[in-house]
Every structure is written in structure tokens, then in C-alpha cells.
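Student: So you can see what is in the structure, the chains are spelled out below.
There are 8 protein chains.
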Amino acid sequence: MTQPYVRLDKDNAAVLLVDHQAGLLSLVRDMNPDSFRNNVLALADLARYFDLPTVLTTSFETGPNGPLMSELKEILPDAPYIARPGQINAWDNEEFLQAVKATGKQQLIIAGIVTEVCVAFPALSALEAGYEVFIVTDASGTFNEYTRDSAWQRMTAAGAQLMTWFGVACELHRDWRNDIEGLGTLFANHIPDYRNLMNSYASLQAMKQR
Amino acid sequence: MTQPYVRLDKDNAAVLLVDHQAGLLSLVRDMNPDSFRNNVLALADLARYFDLPTVLTTSFETGPNGPLMSELKEILPDAPYIARPGQINAWDNEEFLQAVKATGKQQLIIAGIVTEVCVAFPALSALEAGYEVFIVTDASGTFNEYTRDSAWQRMTAAGAQLMTWFGVACELHRDWRNDIEGLGTLFANHIPDYRNLMNSYASLQAMKQR
Amino acid sequence: MTQPYVRLDKDNAAVLLVDHQAGLLSLVRDMNPDSFRNNVLALADLARYFDLPTVLTTSFETGPNGPLMSELKEILPDAPYIARPGQINAWDNEEFLQAVKATGKQQLIIAGIVTEVCVAFPALSALEAGYEVFIVTDASGTFNEYTRDSAWQRMTAAGAQLMTWFGVACELHRDWRNDIEGLGTLFANHIPDYRNLMNSYASLQAMKQR
Amino acid sequence: MTQPYVRLDKDNAAVLLVDHQAGLLSLVRDMNPDSFRNNVLALADLARYFDLPTVLTTSFETGPNGPLMSELKEILPDAPYIARPGQINAWDNEEFLQAVKATGKQQLIIAGIVTEVCVAFPALSALEAGYEVFIVTDASGTFNEYTRDSAWQRMTAAGAQLMTWFGVACELHRDWRNDIEGLGTLFANHIPDYRNLMNSYASLQAMKQR
Amino acid sequence: MTQPYVRLDKDNAAVLLVDHQAGLLSLVRDMNPDSFRNNVLALADLARYFDLPTVLTTSFETGPNGPLMSELKEILPDAPYIARPGQINAWDNEEFLQAVKATGKQQLIIAGIVTEVCVAFPALSALEAGYEVFIVTDASGTFNEYTRDSAWQRMTAAGAQLMTWFGVACELHRDWRNDIEGLGTLFANHIPDYRNLMNSYASLQAMKQR
Amino acid sequence: MTQPYVRLDKDNAAVLLVDHQAGLLSLVRDMNPDSFRNNVLALADLARYFDLPTVLTTSFETGPNGPLMSELKEILPDAPYIARPGQINAWDNEEFLQAVKATGKQQLIIAGIVTEVCVAFPALSALEAGYEVFIVTDASGTFNEYTRDSAWQRMTAAGAQLMTWFGVACELHRDWRNDIEGLGTLFANHIPDYRNLMNSYASLQAMKQR
Amino acid sequence: MTQPYVRLDKDNAAVLLVDHQAGLLSLVRDMNPDSFRNNVLALADLARYFDLPTVLTTSFETGPNGPLMSELKEILPDAPYIARPGQINAWDNEEFLQAVKATGKQQLIIAGIVTEVCVAFPALSALEAGYEVFIVTDASGTFNEYTRDSAWQRMTAAGAQLMTWFGVACELHRDWRNDIEGLGTLFANHIPDYRNLMNSYASLQAMKQR
Amino acid sequence: MTQPYVRLDKDNAAVLLVDHQAGLLSLVRDMNPDSFRNNVLALADLARYFDLPTVLTTSFETGPNGPLMSELKEILPDAPYIARPGQINAWDNEEFLQAVKATGKQQLIIAGIVTEVCVAFPALSALEAGYEVFIVTDASGTFNEYTRDSAWQRMTAAGAQLMTWFGVACELHRDWRNDIEGLGTLFANHIPDYRNLMNSYASLQAMKQR
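Residue numbers (this note's numbering), protein chains in the order written: chain A, 27 to 236; chain B, 27 to 236; chain C, 27 to 236; chain D, 27 to 236; chain E, 27 to 236; chain F, 27 to 236; chain G, 27 to 236; chain H, 27 to 236.
Hint data in this document are derived by calculation from the structure and do not stem from the laboratory. Only a predicted model underlies this, so the values are computations on that prediction, with no experimental measurement involved. Honestly, I wouldn't trust all of these hints.
In silico lysine-lysine, BS3-like type, Cα no more than 30 Å apart, as pairs [what the hints assert, rightly or not]:
| no. | chain 1 | residue 1 | chain 2 | residue 2 |
| --- | --- | --- | --- | --- |
| 1 | F | 36 | H | 127 |
| 2 | G | 127 | H | 36 |
| 3 | D | 36 | B | 36 |
| 4 | A | 99 | C | 234 |
| 5 | E | 36 | F | 127 |
| 6 | G | 127 | E | 127 |
Derived Cβ-Cβ restraints for the label pairs, each shown as a range [as the list claims (entries may be wrong)]:
| no. | chain 1 | residue 1 | chain 2 | residue 2 | range |
| --- | --- | --- | --- | --- | --- |
| 7 | F | 30 | A | 228 | 53 to 63 Å |
| 8 | G | 121 | H | 208 | 24 to 34 Å |
| 9 | E | 206 | B | 97 | 48 to 58 Å |
| 10 | F | 156 | H | 121 | 57 to 67 Å |
| 11 | B | 130 | C | 155 | 33 to 43 Å |
| 12 | E | 206 | F | 156 | 31 to 41 Å |
| 13 | C | 155 | D | 121 | 39 to 49 Å |
| 14 | H | 77 | C | 112 | 39 to 49 Å |
No residue lacks a Cβ here, since even glycine has one placed at the ideal position from N, Cα and C.
Model the full structure from these sequences, guided by the hints.
Tutor: Okay, here's the thing in C-alpha cells:
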């Protein structure tokens, strides 16, 4: 008895970014920091590009955990932002829960730091509450690979779907013709190899014009 | 409640090769390029050897994604070839869907670039449509290992079976006596260690004759 | 059909530490010894901090397997301690089983050496007996990574939830406001990166006071 | 809905060793050759030690695949040995199937080369036929790690339990008191770290006697 | 007889960026593409920040190798740019050699694609010509790790000093007081962990002001 | 022409700990944080145990780099401590240089964060000044492995000897009989595997007494 | 005192291929077999392309070591081929030595199986005899990475230059204009990423023509 | 100025096995235990096979370090065996030094636990005393890979040659014809892949006879 295909739908999806804070970023060691930062920003750009309702939340921003990554506020200036006073599972925070409900969406795209806590706890709670849950694994980080693997198995067993930001973008977009340039720009900005392909192509096209 | 054994049957299987394009190949970094190219060609040779109906498809071949690997057209000159105008999930392309249906097969052997999109999306759609789906993991590539692992977990949870080209060949062939030389040649051409075994053996046999 | 969210509850959880013995520690090679020792002690400190009933057990302490890690007895001086005369699966030992029942808890947090035997066997037995089982993967060790991966798959398939000590602490604590300093100290003592965050923060706060 | 705990029972278990042949051994690259050889011999010693009915089988022993590892015949001289004339899935060979049935056991402990074919195919067939199947992952080898991972996921999804030879031995033995010396010798012969523990202990005991 | 300490001197150093072209970037597989792109841009920013004379060169820009990374031209608009008509070793190109001489510097900081050719060849030639040579290893890339290691050993044996862009910046700057903000900005733009430290610090300082 | 054996001499050696600061620790990613912290503390304990003159130094302690690891001040309360106002190479700071000279030693044991800057720069300067230099590689950390490897090759080429804290301790101590318990305690406190050996041994000895 | 730049010269270089035999290939585990086979054939193609005198040699071809890779004889049909009757170091074989001298070259490009014996021994002997020696590290293979690393350090210390086949080809060719198509074909045949670049380029050029 | 080729000569070589003790073996984590044990025994067998004078030594055999690996005494019953009372560097022990001198050899083949102490210290002392030193890297073990790498660089810089047991055997034997069967047996007993080659060959030869 396998899981049915629940496909991301840009009209029914919201993004939850949980605890991407400057201090907590120093805990992330299951991915190199260049790639992790890039993936988190790609996910934020994606949320803006598809105009998905997005909820930002942090824990103890004035303490050691540090402030939210400043780029997230810049990219998503209108996103509701909930500074939790103490709840570790964001889902336990009433204000956060209302913000999620206010999006009116059934599909939740979740990422955060650290994977097995800030991502897994609300993901499991959301599944229990009947939401469809998609984890953006490459915009979520934690202490090491075995912690990540444990968290992935726990979330998968509970019915969460594991994706990466690129897959999320592709499943939301569905057809390049909806906006070739927009999607291409999103990719070029966050995938060096894709940027190279586009630059080589553009360069040759330019020569062709001459 | 586990999955029943759905066994590949050469009279009921088709191969779908999705977006093995020169540009996209530069995105594949979860396998070294020598092995990846070898695996993709092995799968194409396998399709030809077992005379399996095969569908080729690409996205944006005239743009940065680049042309289909030329070897695939050479190995499978008669395979229907669908250049999709924009659909990211090949299953969303009516022409591709008709080509799949035209094979008349219930078992779909799928590989492509990149794993979590070009492979996973049609695989999940095909499962939803009632097909039996086999992923050729080593002829499918993507950005990095955590993306691959996420995609594998998503597809497994949905009921896809993960295989590699060698396993596919063996499950289709069933008995060496059906054609020892043909299968041996397929293996020797794509598995250096097997080629060595065969050469050492042949060399000793030759000495024995003398 | 996925697993429901069974959430750790500090009023309903007990800890089982199985065979963390000096000799057996030399068998653990799927984690570096600095991290493994740290994780085991963190789990013991966590048990004490949350005042969870804890059961210690060893096999053949007077033989090659060696004595229980002395720190565990120091941290948990009142925990029942069962030296099994021969049963490999601790659950087969009546005294151990009684100690587990005596905790009166339904949620069992299990760690031990080696993962696929001393952890997996009682975990599978406890699941069969109707307990909710949580494996502390990073306080459990074994010979190598493929052994670990095999054991994880077996336990996950049987319904055990894979966690790490940090996730366990967070799920038990639920809200930082229950005791900020206590939880912070637990983390600082066992997570160097977190200690650094706290020290930098305290240092700046101190300057601020001046 | 998770899998129930099916526990190995030495009175109800048989061992199937599939295609551990000298030539095929050169294909195994997901484990270093010293460890792999050691694990295969440990499994054979285990089968002898617990007096489990064992079936040996090979494919094309007189061709490039090469002869069965000679140590297996030496350790298990009375095991039925089926040289298959061509069937890739040993379960398709009537003689092999009869040998399995002749053991009269319901639990099958399977290992072989290569994992995704010679192990996975009979494992899946045996599960379909209603047997309880245990894969000895560390006595099974294949081309590389992604092939292994694919095969493990396929077998797990079908209900096979993944174990290693050490776990199998422990689950069969159940209680050290059944034979301390016998089990200790099995471990010392195949686990250098355990041998060291035993030697250090024996050395200190000897000094103690003096 | 060891090498004397030749220390980078910002008044005596020039930067040579060799063949950082869009097509060739797809060959680089000894580093992940996010980090590699970041390192190359960091080196270019460094050259601009310290106002070091810089020479850009490419091979076959209108062919498969593709155009120079466009960011390099943007960051260093005034750098002489030599499109070599065919010489593989840039040092064999008279125009390039003149550009190097025109810098009037004795210390050459070299990076490029691929390490063992486009970097190593001019580096060895420059050493032979009496220059002091510093390789920026993390802004140089190649096919795989063993190729890189071979190239590093060859260059080290010839007297080149291996550094990374961060070390180069620090050795050139010598004293933070020369310009704290400038150097801090360079680091924050290219080292996510350093950016986090700065953001956490600034955030706490801001609170302090209040 | 190889290097002569320059052997550490406890009467002629001093220790330099450079920039082990809470903020900079978050940059260290070529070693896991549990091991790195342990190694740094082991080196400090070693310095105290052998009563080696030790110099502590930091850069910008009141800024983002954060305060010195507090444990270092606790272990080495009498060590001169130089907070450099801006010099990146500690050797460029006159106060530091005087502190080094004041030790009156010719052998300098150096560790710090980050390896290629805070360690390599003073190491190269000290070599140039005629000192014998020993790098404690495992108490020095940096961004990633290729940066570390580059730094090691540069320092080795200049005549520095690469060691780890355990080797340093052994070369200084020379003969266990100088103080078995003291050295044993140092090792037990920082090498879990050695602690296990000692505990197993002590446990057996205790039984022997009875 | 560093090594002077000895640059490969196609008029003064010969290639020695030592013991690339079918049986010995199964010993090579420091590289994946797809890449290793590709590298060896690339080196042979390179030797033919540059028309370098080449010497082939094997040990015990009629025994377990197996026959020379058949492709080498096909690519280099006119190369002298010395089947050594027993000398492990090919340089100890008078016939081989004469074949080397007969090439009349001073630069020897050496590759073989296994690196630390069949490559290192003749390389060290050739250096002693005054030849300039270049090791093709990626066309040489051995048991594991630490064996390789040991061998590389021994050969580097003795003055051998470590290169890979691509670097050798580039250093010999010097200028693309000597034969763009020939060199491009060599690369396309053995570097999948380069082939992709060329195919994408050619495809765009073709469109441009239209 | 490179090192001249110093070639092992079986009439001028002795073997020093330093501190291969049961307890210390648990510290070795830069190699898997199956391979490490195999390599140490291979070196001992090699010493016996070539009848090389061999010196065994241990430190604190009656303490936590544990007894010498019992197999070494069995393989080399006549080797002088020096239990050092406390000297960490075996070379500091007069009895050991006399045993080395008594061999009358100038070439010392050294292995031990741990690499950076028990191997490096006597190696450096022996080089200083004018001996030619060969390190058997794969029969020497230590805590982790960075410790090993540091030790290798220190020993290489001092003029030691890094080899593995297989290379040592080949360089000592020089010509298979000196004793094909003896050397073949040594290899078959310690290299599974070689054993496979020999078994396949023998099996085919046997068939040929018939």
C-alpha cells in the first residue's frame, strides 16, 4: 500500500521557513556553508517568484541563536514574521498556527534549522493535522549526516515528501512556457552549472546574430 | 503490508529515456561522468538488445539544455522521439503520453536527467495511472547525493522499484541459455571487470586448444 | 498508510541504556570516538535532567566486554542496573523486563552497543509488546556504516522512530520557557558550536553591561 | 501499519549462499575485499556452527564466473550444491527450489554476489512464496554503493529484513550460556576487535592465576 | 634545505586568471560548483580590493570552451584581457607574457581551469623565469581529486606556494587596521559563516545601543 | 637532502595558541567539532602538564571573532595573553614577539584558527627567524580539507614539522617511567579509546584483588 | 632548492605501459573501473596520436595475471611487446631495457598496474639512470588509496613528476593550432563532459548555418 | 635535489615490529580492522618468508596496552622480543638498539602502532643514525587520517621511504623465478583478489588436464 501522488500546486501551497538564524547556521554541518546559504536563498526567491504565501519564524532572536538571516526579510518583506517566545515546535505557537491557517493552503513546503527539530516537529504536527507536507531537504540543515538521515527516515515514515528546492520549483511551474525567462533567471541565479549553460548559449546566439 | 514482487517481463516492458541532453549532463554530479555515460549507453543497448519499445524525449533541445546525446539516436534510430515544447513533467505532454500508450506495455523502465524532476515526475504520474514503474537509478543523474537520496525516498514511498541497468538486464533475460553470447557481449561492453573475466577466460581457453 | 505522529512525552518516557561497556566501545566504528562518547554522556545527562526513569544493563561485565562506562553510573546512580547473565536480547531477561515495566511508561528511548543487536533486538521486542519505541541513533554504535544502515532499515520497517539525543531533548522539553538555563547548559556541555554561541553572546552582554 | 517482529529461530532457519564464485568476486566493489571475504566465511562458519541446513549454488562455474570459493565447500562439505545451467534467479531452478524445500525451514537467510540480482531475485521470489527472508547484507556484494542502496530499498519494500552476519549469529544464539566458548570463538575468528578484547582479557586472567 | 619564507606583498603582486570560461567550468568536479564559483569571485573581488594588476586570459572563447565568466569582466573591467589563439600554456603567448611583465610585479598569484594545465603550466614557466608563484588552489578546479593532487605535488616540487583566496587576502592585508570595514565586507560577501558572525554581532550591538 | 631529526625537548619548547576564539570556531569545518574541541583542550592540558611556557593571543576579541575559549584561560591562568589590536600574523605584533622571546625556548609548538593564516603565518615567520617549528595539526582548524592540505604543503615545504597533540606529548615525555599516572591521566581524559583500555584493565585488576 | 621545470617534448618522449593485464585489473581499487579503463585507453590513444614510441610489457601473461588488455595491442599494433619471464621490475629485464633505449628518448611517460610496484620500480630505476620520468597517475592503479599515496610520495621524493593523461596530452601538444580537430577528437572520445561541450556547440553551429 | 633510489635488498634488510599490542589495536581507526590485521600478518609472513632478521618490541605489555598480537609470536618464534620498561621511542631502549645492531643490516623495514609515535620516532632516530628506513604504511595504524597524514609528511621530509607490504615483498623478491610458488602463496593468503585469480586459473587448468 503505497502513497498516492500528491503533486505540488502553486495555488494551494505555502512556504514555512523555520529558524534560519545567524547563530543556528553555525550548527549546520551536513552541507557546506556555500551550498546551504545558496539553497536557502533559492527557496526564498522561489517563494517570491511563485508568490506563495510564506511564514517566517524564529526562536530567541535576541539570544545566542541570533537574528534571522537578513536576506530572508529583504526577499520576503511582507511575510508574516513570528518571533516565538519559547515553543520549540513552531506548531505549538498559536500565532504561527494562525499564520499558517491564514494562508488558506493545504500544501506546506517546510525548511529550517535544525532538520530533526525545527523542521521535523512542525512537519509531523502538520501531517497529523491533515496537511500535505513537503520537506525542502537542501534548505534544511543539521549537525551531521547521521542526524539528517535519522530525521529523514522519521519524516518519510510519517508521510512527508522529501524534495529539494529545484524539484519544488519545477513541480510548481509545470510548463516552461508559463514564463521561460523568470524560471531561467531563478535557476541561473542559484545553479552555477545552469548559469554556465545559459551564458555559453547566449554567447553563441550573440555571435550568430552578427 | 509490503509490496508484492512485480517482476520485469520483456514482453510487457517499455523504456522511457527522459532528457539525456548534452547541456543537462553537465548538471549531473552524483556520479562520475565516465560511469554515468557508460550506464546510459548500457541502458540504451539493453533496450535495443531486448527489443523493448523505447520513447525518447527532450526539453528545449535548441536552447541551453542542448541536444539529445547523439549516441542514443544512433543506438535507437526507430524510437519515437518527442521534443517537448515546455512541459517539465513529460507525462503532461500529450504526444509523449500517446507514445507511452502506443507501446502497449504495463511496465515502464524510466531513466533521465535530473532524477528528482525528469525521472520522478513521470514516474509518480505513471504510478498514479496504474503502471508498474522501475527506476534505473544508475542511468539517472542529478546535482548531488542528497538530492538523489530525497528523490529515491519519494519514489520508493510511491511504489516505484529502484533498480540498476544490470539488474534490469538480468531480470528481463531470466536464463543465460536464452542467448549466452548476446548477454555476455552486453556485459563485456559496459562492465570492465566482466570484460576482464571474459578475456582471461578466452585466453586460457585458447591456450587449452593448442 | 503512514505512521501517526507519536510525540515524546516527558511524563510517559523511560530510557534504556544497553551494553555501553568499555570493551564493546572498541567495536564502535561508525562514528568517531570523541563524538560517540559525547553523545552517550549527553543522553545520560538528558535522562537525569528530565528525571526520566532509566534502566542500565550490561552483558558479561566481568569478561572481555568490560565494565559499564563508569560515567553512566556516576550520572545515574539510582538507575536500576541489570547485569544479564547471558541473554543477548535484554528483553529476554526477566529482571530487565520487570525494570522496564516498573517504570510505568509507554515510551521507550533506547540506545546501546552494538546497534543491530543490543539496540535492535529489545527495540523490536518492545514494539511487539506494544510500546512506542524511539531509537537514539547517535548514542548507539556498531562496526561500520553498512551494518548501521541495515539495522536502521530493519527497525524503521518495524515502526521504531529514529531520533538523536538533541531531538529527544527538544521534543521532551517542548518550550524553552520551562527552563532556559537548564536546557541551555545541557546543550552547551555537549555541543561545542552551541557553547561558542553562548560564550560569544555572554561576552557581548558583559561588555554591554559595562 | 508496520512489519511484525519476525525473529530468527535456529530450528526454523536455512542458509542460501548464491554465486560466491571466484570470478564474480572481482565485481564486488561496495566493500573492501578483506572485509568481504571475512564476512562470507563468517557466514559459512555460522551456518556450520548452528548446524543450519545450507544450500550452495553457482552459475556457469566452468566459464568466466569461475569456481565457487573453495573455502565454502571446505566449511560446508555436506551442503547440497546446485550448479545452475543458466537460470539467473536461483529460485527459477527446480533443483535449487527442491533443495530449499527439503530443508523444511520457513526462514531463509540469503547472501550472494551480486546483491541486486543473485540475492534480490531469489529473496523477492521467496517472499512471494511466503517465506520469511533475511538478507545478510555484509556477505553480499555488488558493483558500487548506489547499486547496493537501490537493491536494499527494493528488498526492504518487499518485506525482507536486512541483517549482518553478526546480528544473525546473535539472534540465533539468544543466550551466551548456550555455549560461551563456541560463540566466542566464532566472533574471535572473524572480528579482530573482539579477538583483541578476548586476548587482553585472557592475558590478564593468566597473570591473575600466577 | 627548505624554502625561505616568501611573503606576499601587495605592492609587488599581480593576479593571473587563466581560462575561467563557462564551458570549462563544467569540467570542474573536484569541488562543488557553489563553492567554486564563490571562490573565483572572491579572488576577483580581492584583486579589485587590493588594486592588484590582473591579467585575464582565455582559450578559444568562441568555441566549445565558452565565454569568460561574465562576472570577471564586470568586477575587473580594466584588466588586460588576452584571448589566446591556440597556446595551451598561457606563458607561451607573447601578448600574455608582455601583460605579465607590464605589471612590473615579481609575485604572481595564479588561478584557473583546469589546475594541472591552465594553472600548472604557466606556474612552472613563471618559476623557471624567476617569479615567485602563489597558487590559489580553491579558485582553481579540475576533473577530480587525484588529478588535483598530482598537479599540487608537481607544482609544490617546483617551488610554487599553495594558498587559498582567504590566506592570500590575509597575507596581503597584514593588519586589520589598514581597513577593517573593507576586509570585513570582502569576507562577509564570500564566507557565509563569517557573515553570520558579523550579523549576530551587529544585531547585538544594535540592541545595546537601544 | 633531507631534514635532520629535530626532536622535541621539554626543556626547550614553548606553546603558542593563536586565535582559538568562540566566533572563529564556527569557521572550522575540516574536523568535527567534538574532536576539535577535545584536541585543543588536550593541547592546553599538555602544556600545563609539561609546564611549558605558553603564549595566548587573540584578534579582535570584542568583535565578531568572539572571546578566547574560556577553558584555555582556566587551564592556563598564568600564560601571557596578548590581544592583538590588528596584526593578522601574530609575529608582526611586538608584544607577542617579546612574549615568545621571553620564553627563552627555541622550539615552538603552534596551533590555532585558521590553519592557513593564524597558524601558517607565525610558523613561517618563526622558521625564518631560526626557530624550530612544530605544528599541532589536530588542534588547528580551517574552512575545509583542501584549504588545510594547501596550508600543510606550504608549511612542510618551509621546514615545519607536522605533529598531533598525542605525538607531541609522547615526544616530550620520552619515558613512561617519568610519570606513568600523569601521562595516563592526560590520555584517558582526551582519548576515549584509551580511557576504555584503562577502565577495563582497572576493573580486571580490581577483581583480581578480591 | 626546488626542481627545475622539465617540460614534456613530443620529440623526446616515449611511453611505457607496464602490466595492464586482465587479471591484474581486478586488483585495482583506488579508482572506479569505468574511469580507469577509460584513462588507460586514453593514454594509448594519446601515444598513437602523438606517434610516441611506446613499449608494452607484461608479466606471466599465461598465468593468473592474465593477458594484456586486448585494446592496447589493437591501438598500438607496432609497439614492441616484451613478455617478461619473471622480473618484477621491468627495468631488470634486458630486453625491456633495450626497447627503452631503442626509442632514443630521454623523457619516459610511465603507467601501469600496480602503481607501487610495476610503475614505481621502473620509474625509480629510470630516474637513477638519468631519465626524466613522468608518471601518468590516472592510468596507473593499485589496491587502495593509502597504497597509492605511499607510492606517490616515494616517487615524488625521487624526482618523478606526477601528471594525468590529459595534462600529458596538453603539454605535448602545446598549441591547439597544431591540430585542433585531432586533439579535440582525443578529448571528446575520453572526456564525456568535453564531448558534451563539443556536441552542444556543434548543434548550435548547425542551427546557425540554417 | 632529489633522493637517490635506495632499493630494498633481502640480504641487507631487517624488520622492526613496534607495539602491535591487543589494546593498542583498538586505537587504530585510519584503516578498517579486517584490512589492518591482514596487513600486519602479511608483513610478519613476509619477514619469515624472506628470512629477514626481525625484532619485536612492546610497551607495558602487562598494562592496558595489552599483550603482543599472539599471531606475531607464532609466526616469528625466534625473533628477539624486547618488552620495553618505559621508553616510548624504542630506539631509546638500549636492548632494542642492540637487537637492531645485531641484525647487521643497514635497511630497516618498520611498522607499528601508532604511526606518529611508535613508528615515526624510531624511524627518525634510525635515519639520524644513518640507516635506510622503509615504512610499511599499511601495517602501521593510528587514530585517524589527519594524524596519519601528518606523520607521513614528517617521515617523508626526513628521508624515510613509504611503502606497503606488497611493495616490500616485490622489491625484495625481484624475480618471480626465484620462487613462484612461495611468493604466490604469500599473496594468495593475504590478497583475496589475487587468491581469486589463482583459483580461477587453477580451476581452468584442471579442466584442461581432463
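Student: Each of the hints needs a verdict: does it hold here or not?
Tutor: The hints, checked one at a time:
no. : hint                      : in the structure
1   : F/36 - H/127              : holds, 29 Å
2   : G/127 - H/36              : holds, 29 Å
3   : D/36 - B/36               : violated, 39 Å
4   : A/99 - C/234              : holds, 27 Å
5   : E/36 - F/127              : holds, 29 Å
6   : G/127 - E/127             : violated, 42 Å
7   : F/30 - A/228: 53 to 63 Å  : holds, 60 Å
8   : G/121 - H/208: 24 to 34 Å : holds, 25 Å
9   : E/206 - B/97: 48 to 58 Å  : holds, 57 Å
10  : F/156 - H/121: 57 to 67 Å : violated, 37 Å
11  : B/130 - C/155: 33 to 43 Å : violated, 51 Å
12  : E/206 - F/156: 31 to 41 Å : holds, 33 Å
13  : C/155 - D/121: 39 to 49 Å : holds, 42 Å
14  : H/77 - C/112: 39 to 49 Å  : holds, 48 Å
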